[in-house]
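Undergrad: Okay, here's what each chain looks like letter by letter:
There are 2 protein chains.
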Amino acid sequence: MKDSMTLADAFQNCKYPVVGHGKRNVRVLLESLEGTDGDTASDMYGKGDTIERFEAKMAAYLGKPEAVFFPSGTMAQQIALRIHCDETGKRKVAYHPLSHLELYEEDGLKALHRIETVLLADRDRLIRPEDVRDLEDDAACLLLELPQREIGGQLPPYAELEEISAYCRSRGIRLHLDGARLFEILPHYEKSAAEICALFDSAYVSFYKGLGGVAGAILAGEPALTERSKVWKRRHGGDLISLYPYVISSDYYFDKRIGKMAQYYEEAMALAEMYNGCADTIRTVPAVPASNMFHVHADVSKEALESILAGVAEETGVGLSAWVKALDDGGSGFEATIGDRYAAVPEDRLRSAFSLLGHKLKEGGYRA
Amino acid sequence: MKDSMTLADAFQNCKYPVVGHGKRNVRVLLESLEGTDGDTASDMYGKGDTIERFEAKMAAYLGKPEAVFFPSGTMAQQIALRIHCDETGKRKVAYHPLSHLELYEEDGLKALHRIETVLLADRDRLIRPEDVRDLEDDAACLLLELPQREIGGQLPPYAELEEISAYCRSRGIRLHLDGARLFEILPHYEKSAAEICALFDSAYVSFYKGLGGVAGAILAGEPALTERSKVWKRRHGGDLISLYPYVISSDYYFDKRIGKMAQYYEEAMALAEMYNGCADTIRTVPAVPASNMFHVHADVSKEALESILAGVAEETGVGLSAWVKALDDGGSGFEATIGDRYAAVPEDRLRSAFSLLGHKLKEGGYRA
Chain A
262 MKDSMTLADA FQNCKYPVVG HGKRNVRVLL ESLEGTDGDT ASDMYGKGDT IERFEAKMAA
322 YLGKPEAVFF PSGTMAQQIA LRIHCDETGK RKVAYHPLSH LELYEEDGLK ALHRIETVLL
382 ADRDRLIRPE DVRDLEDDAA CLLLELPQRE IGGQLPPYAE LEEISAYCRS RGIRLHLDGA
442 RLFEILPHYE KSAAEICALF DSAYVSFYKG LGGVAGAILA GEPALTERSK VWKRRHGGDL
502 ISLYPYVISS DYYFDKRIGK MAQYYEEAMA LAEMYNGCAD TIRTVPAVPA SNMFHVHADV
562 SKEALESILA GVAEETGVGL SAWVKALDDG GSGFEATIGD RYAAVPEDRL RSAFSLLGHK
622 LKEGGYRA
Chain B
262 MKDSMTLADA FQNCKYPVVG HGKRNVRVLL ESLEGTDGDT ASDMYGKGDT IERFEAKMAA
322 YLGKPEAVFF PSGTMAQQIA LRIHCDETGK RKVAYHPLSH LELYEEDGLK ALHRIETVLL
382 ADRDRLIRPE DVRDLEDDAA CLLLELPQRE IGGQLPPYAE LEEISAYCRS RGIRLHLDGA
442 RLFEILPHYE KSAAEICALF DSAYVSFYKG LGGVAGAILA GEPALTERSK VWKRRHGGDL
502 ISLYPYVISS DYYFDKRIGK MAQYYEEAMA LAEMYNGCAD TIRTVPAVPA SNMFHVHADV
562 SKEALESILA GVAEETGVGL SAWVKALDDG GSGFEATIGD RYAAVPEDRL RSAFSLLGHK
622 LKEGGYRA
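In order, the protein sequence lines correspond to chains A and B. Each residue of the first sequence is one higher than the last, beginning at 262 in the working numbering. Each residue of the second sequence is one higher than the last, beginning at 262 in the working numbering.
Think of the hints as simulated: they come from the structure by calculation, not from any bench. Fair warning: there could be bad hints in the mix.
Repeated chains share a single entry, so a pair holds when one copy, or any two copies, can fit it.
Unchecked claim - Here are the computed lysine to any residue pairs in the SDA-like style, where the Cα-Cα straight-line distance is at most 25 Å:
#, residue 1, residue 2
1, LYS308, ASN274
2, LYS351, GLU423
3, LYS284, LEU294
4, LYS623, CYS275
5, LYS371, THR349
Note that the structure is predicted; figures quoted are calculated from it, not measured.
Produce the complete structure using the sequences and hints provided.
TA: Okay, structure coming up:
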C-alpha cells in the first residue's frame, strides 16, 4: 500500500505525465460548457434539440440509421444484447472471456436479463473466425470488442473481421460492436467508423476514453433496435429528465479530439518502441500498438516496478504510469493510453527517462 | 394540437408564470457550478470526496446510517425493492395503483427484476391502514409515496403513517418511502425528514422536483441495503465514472431551496384558495394542499380550458398552466407546483387573473 501510494503520488506530482489527457476534474465539464448559451433548453426524457441533434450526428458518423444517447456503455450494451436476444428468440450471447460485461458489470446481463453467455477464445488472445464457427445455433449474438482492451488493445486483421461478419450474417447470428475505443482504431485500420460499423448490426461508442469527455455513450443501429432501446433505457432508470451535461460535453470532446486519433496512434507506437528497446525484462503487448493504447509487462514484481517507476518520475520528472498491478506469471504490468499529455513531454526528457528505466531494470538484478 | 400549442406558447411568453422555479435550461447547471473550483476532482465510479460528502450529508439529513447517490429515482427504487425482496426471500411488493413504478417506468420492476406487484387502494384515494392489513404474508415490501403525486399530492394523517409503519414492522413487511417530494411535505407534517424516514426501512429522495436541480436521487437506509444497492447500481449501468454534474447541482439546489419549502407550501394554499373561490366549475384536489403542489379540476372540456387559460395569460400576463389534460369524467385538469416564480407575481395581477378566469368559466355557459 505504501509503495503504491508513493507511485501514485510521484505520478501526481511529476512535471511530465506521459499518459492520458489530463486530470479528471470539474474543469473538464466547465471547458465543454464555455461556448454553451445558458438559454439552451434541457433535453426532457430523451427529447429535445440538444440530444436529438447529437444522436443524429453520431448516427451519420457511424453510418447507422439511428442512434440513442445513454448515460453508460454498461446500460447501452446490455440493452443491445437483450434486444438481439428478443428479436431472434434466443437467450445466449457470445463474447471474449475478458469482455467488459464479464469483468466489470457485476453480471448485470445475467442478473437483470437472464441471458446466458458463451466465452469465446482464450483469455490471452483475440477471437478468431474459427472460434466463431464453433458457435451453436442457439447463439443470438456475438459481441466483438475492438480493440480488445484487456489484452493491450489488440486488433484482428480487417479481413478476419469481414470474415466473421459474413459468417454471422449467413448463420443469422447478430453481431454487436463494443466500440468503447472505436475512434482510437480508425487510423490503424485506415477505415471510417461507418465502414467498420457496416460489418455490425449494432454498435456502442464511448465519449470518455480516447475522447476524454465526462461520461456518456451512444448505441447505433436499425430503428427497430434503437426504438426498443429507449424503452429499456427507461426500464433501467437511464432515461433521465436531463442528460445534457453528458451530451454537451460528449459533443464538445468529440469535435475537439476526433481529428487527433492518428497522432495518438503514432505516439503510442513511438512510446511502445521505447519500452521494447530499453531492457530485456520489459515489453509491450501488443509489440506494436494498434491504437492509442498498449499494455506493458515487466519480469519484476509489482513492488519492484512501482519503486522503479516512482524513481524515474522523481529523478526525470517523467511519469510513465500512476499504478502497477501484479500479473499471474509473477511479473507486473500496467496500461498506457496516449492522450493530449504526450505531446507536451520534451523528447530529451523522455529519452532520459527510458535510459534510466532500462538502467534501473538491469541494475536491480531482477530475473531476466 | 393547435390549441395546446397556443396555451404552451401563451404560457411561454407570459410575463408572470405562476408555477415552477424557472425554465429548465443549461443555466440551471451553470449557476450550480459557479462556486465550484475547476480543480475539484471527479468522483470515480461512486468513490471520491464530492459524492461521498454529499451522500453523508443526505444520510444525516434523512436520519439513516448510509445514503447512495443514483442518477435516477427509477433506478434507485427498483433496486431498493429488489433488495427488500431478496433479503426477505419474497417476490412481491405493494404500492398505489398510480405509483411512478406503475405509470412511468415501462414495467422495469417486472421486466428486469421479475417482481410481482399488488396494487393497494383505489386510483383516486390514498392507501389506508385497512388496505395494508389486507396484505398477504408473501409481500416483501410496501412502497408509500408521500405525497401521492397523481392525486394532487394528498397526504395521510401522520398518525396513519405511524400505524402503517408499526403494522408492517410487526408483520415483517418492509416499508419503503417514495420521497420524490419528501422535502415538500415537511412543513405540513411539521416533522423533520429524519422523523418521517424513521418510519421506513429505506427512503428515496429526488433533487429536481421541489429543489429544482438538474437530475439525481439518493437512496438511504441500513448499510446492508446501501452496499447491495451499489452492486445493483453497477448492474443497471448507473455507476458512472463521473456523476459530479448531478451531485454538485443537487447539493447546490438542496442548500438553495431546502429552507423555502414552508413558503412554497403557504403559497400553494393561497393559490388553491383562489381557484376554489373563483367559480363553481373549478376546484383543487386536494381542497387544501398538503405540500407545494395540487391538481386543478374543471367541469369544462380540455379544449375549452386551454382556450380560457391562454386568454387569461394573454390578457393579464399571468400564466396559470402550460398544459391541460382531459379527465375521465369529461372535464379537464392540470397540476400546479409552486416554486420560486410565484413570489414574483404581483398580487393584484393574480387577483385580476382569477377574476378573469372566473368570468370566462361562467360566461362560457359551460356545464356547472
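Undergrad: Compare the structure with each hint and give your call.
TA: A quick look at each hint next to the structure:
no.	hint	result
1	LYS308 <-> ASN274	between (44 Å within a copy, 21 Å between copies)
2	LYS351 <-> GLU423	within (24 Å within a copy, 49 Å between copies)
3	LYS284 <-> LEU294	both (17 Å within a copy, 18 Å between copies)
4	LYS623 <-> CYS275	within (23 Å within a copy, 77 Å between copies)
5	LYS371 <-> THR349	both (18 Å within a copy, 21 Å between copies)
When the structure is compared with the earlier hints, no violation turns up for any of them.
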